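Undergrad: Below, each chain spelled out in residue letters.
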Amino acid sequence: MNSVFIRNLSFGYKDRPLFENFNLSIQQGSWVTIVGPNGSGKSTLVKILVGLLEGTGTIIVNQVTLTSSTRDSIREYVGVVFDNPDNQFVSETVADEIAFKLENLGVNKFEIRDKIKETADLIGITPLLNLEPHKLTNGQKQLVILAGAIINNPPILILDEALSKVDAITTQKVLEVIAYLNKKGTTIINITHNLDEATLGQKVVVLNEGEIILNGTKEEVFEHEKVFNALGIQLPFMVDLSLKLKFYGLVDKIIFDAEEMVDHLWK
Amino acid sequence: MEIKFENVSFNNVVKDINLKIEKGQIIGIVGSSGSGKTTLVEMIDALVLPTNGRLLVGDFALEKGKKYKNINELRFNVGFVFEDANEQIFSNTVYDEVAFAMRYFKYKKEQIEVQVKKALMMVGLPEEYLYKNPFNLSHGETKKLAIACVLAFNPEIIIFDEPLTALDNASKKNLIKIIRTLKTRYNKTVIIVSQDTDFLHKIVDKVYVMHKGNIVMAGNKYEVFQEEELLNKYDVKAPSVISFAKLVEKKKGIKIGYRDEINDLIKDVYRYVK
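Residue numbers (my numbering), protein chains in the order written: chain X, 1 to 267; chain V, 1 to 274.
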């Protein structure tokens, strides 16, 4: 079953076309990382998926065909985290901010209270609950937005450069939370320029100028080193290491885990 | 030109810092967000003033409560590349933007033209961009423009705050080349604030780790970057090449050595495995 199904999508900005008869399916429960250089259409694609932009063609998200009447309710089953947290805050405290979606859905007070606690614990932001969102650091702000996006357990979570302002250690923690959600069945769509974030997921899609140039499992896609070099996208350290060791005949495949790599090299 | 922090604080953000940065070094400053690292370097360009202590940039002393009429004597020597390049752009053409500081400091017209072109070439922006509107550039190009603006007026000290934001891989490599040139050919002092230790490890001489407003680790990059557990405690990741070498040592008892680049690590691995 597909979480996202796009057929013959066409979309362009005033002066230039971007997508022409664009197709993409994303399986339910998968974790797809979408990468591409600036201007490749990654962020536009997200905006179309969440109904902020409108193209022509068929777009089905979570079994619902996007139309002018279904577009408004899309956030009920899609959690979204954009790259700029400041534009997304609406509340006075972190707790209210996280609860925003549930309040809109008319969930009762007691259930909201429990969900706030559960979600804050999962993401590790319980100490921040009574603070004002605007006073947090960029990294903390992104964690709050993430908590607000997943509080109603949406079947699909979309991250649009969500970790670009977050430090490396926090990024690692967030990716672990995302891995946990994915294990429980949430479809993850992560748009990023940092391929390190792809190593925990399963699939990678590479976009360039509105076209898909690579689409497959991370193992398949990362073999195309030259494509990434040409697009100016840095491969994750372990991939780079694997491919170079492969060249010297020391390994025969990409190994993502450092411990596994060491054991493989010194058997 | 030497930079000296003497018991410098800024509110609760930067606390009682003592630090000496000698001329001609490349310094890396790391730390999680909110650790005070940006504020620390902003003080060097007098973008914020100490609330306690004294900061010397060459002969120029920055202290609390003093009024500075001659702040431009300091700014003439310090170039600051902001994280968000858009913040520093305000001219109608790329040429005017890059020329701005030099006009302000009354450089001759011919010299301005030469240095504008040279700076654009260094960052890899084509000459036909000279009369473009800077607000129409892409993120990556704007970042390059911001770097060119600083290189053009040739300051002694150059500060980069998160320079990699918005740069693609090829531009990152070019930036590394530029920074190396600034040190080796022009003997500039370069200070880089970044969370990317893989990037810093390739170019810096010394590293300072900040945490909650304090400098908690300091030393040459090999000393600091091999303390992986301590770094993690301060929410900083050790560089991948060092982290891998440490893992080999931990799991197999083999010391393959600490390197700057992945290609050198590969050679070591090859030697020890064969």
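I should point out that these hints are in silico values taken from the structure, not numbers from a laboratory.
Check each hint, because a few of them may be wrong.
[Claimed, not checked] In silico SDA-like pairs for lysine to any residue, Cα to Cα no more than 20 Å straight-line:
| id | chain 1 | residue 1 | chain 2 | residue 2 |
| --- | --- | --- | --- | --- |
| 1 | V | Lys177 | X | Val64 |
| 2 | X | Lys244 | V | Val48 |
| 3 | V | Lys267 | X | Leu250 |
| 4 | V | Lys172 | X | Leu250 |
| 5 | V | Lys20 | V | Val48 |
| 6 | V | Lys173 | X | Asn194 |
| 7 | V | Lys237 | X | Gly232 |
| 8 | X | Lys226 | V | Asp168 |
| 9 | X | Lys244 | V | Asp268 |
| 10 | X | Lys244 | V | Arg259 |
| 11 | X | Lys226 | V | Asp268 |
Note that the structure is a prediction, hence the values are computed from the model and not measured.
Undergrad: For every hint, state whether the structure bears it out.
TA: Structure-based check of each hint:
Using a Cα cut-off of 20 Å, the hinted pair V/Lys177 and X/Val64 is violated, with the two alpha carbons roughly 51 Å apart. Only pairs whose Cα atoms come within 20 Å are accepted, and X/Lys244 paired with V/Val48 is rejected, the gap being roughly 46 Å. Straight-line distance between C-alpha atoms of V/Lys267 and X/Leu250 comes to about 11 Å, which keeps the hinted pair within the 20 Å bound. Between V/Lys172 and X/Leu250 the CA atoms are separated by roughly 29 Å; this puts the pair beyond 20 Å, and the hint is violated.
A hinted pair counts as satisfied when its Cα atoms are at most 20 Å apart, and V/Lys20 with V/Val48 qualifies at roughly 19 Å. Only pairs whose Cα atoms come within 20 Å are accepted, and V/Lys173 paired with X/Asn194 is accepted, the gap being roughly 16 Å. Between the alpha carbons of V/Lys237 and X/Gly232 the distance comes to roughly 23 Å, so the proposed pair goes past 20 Å and is violated. Simply put, X/Lys226 and V/Asp168 have alpha-carbon atoms about 15 Å apart, close enough for the 20 Å limit, and the pair holds.
A threshold of 20 Å between alpha carbons decides the hint, and for X/Lys244 with V/Asp268 the separation of about 13 Å falls inside it, so the pair holds. For the given pair, X/Lys244 sits about 16 Å from V/Arg259 by alpha-carbon distance, which is consistent with the 20 Å threshold. For the given pair, X/Lys226 sits about 25 Å from V/Asp268 by alpha-carbon distance, which is inconsistent with the 20 Å threshold.
Of the numbered hints given earlier, the model fails hints 1, 2, 4, 7, 11; all others are met.
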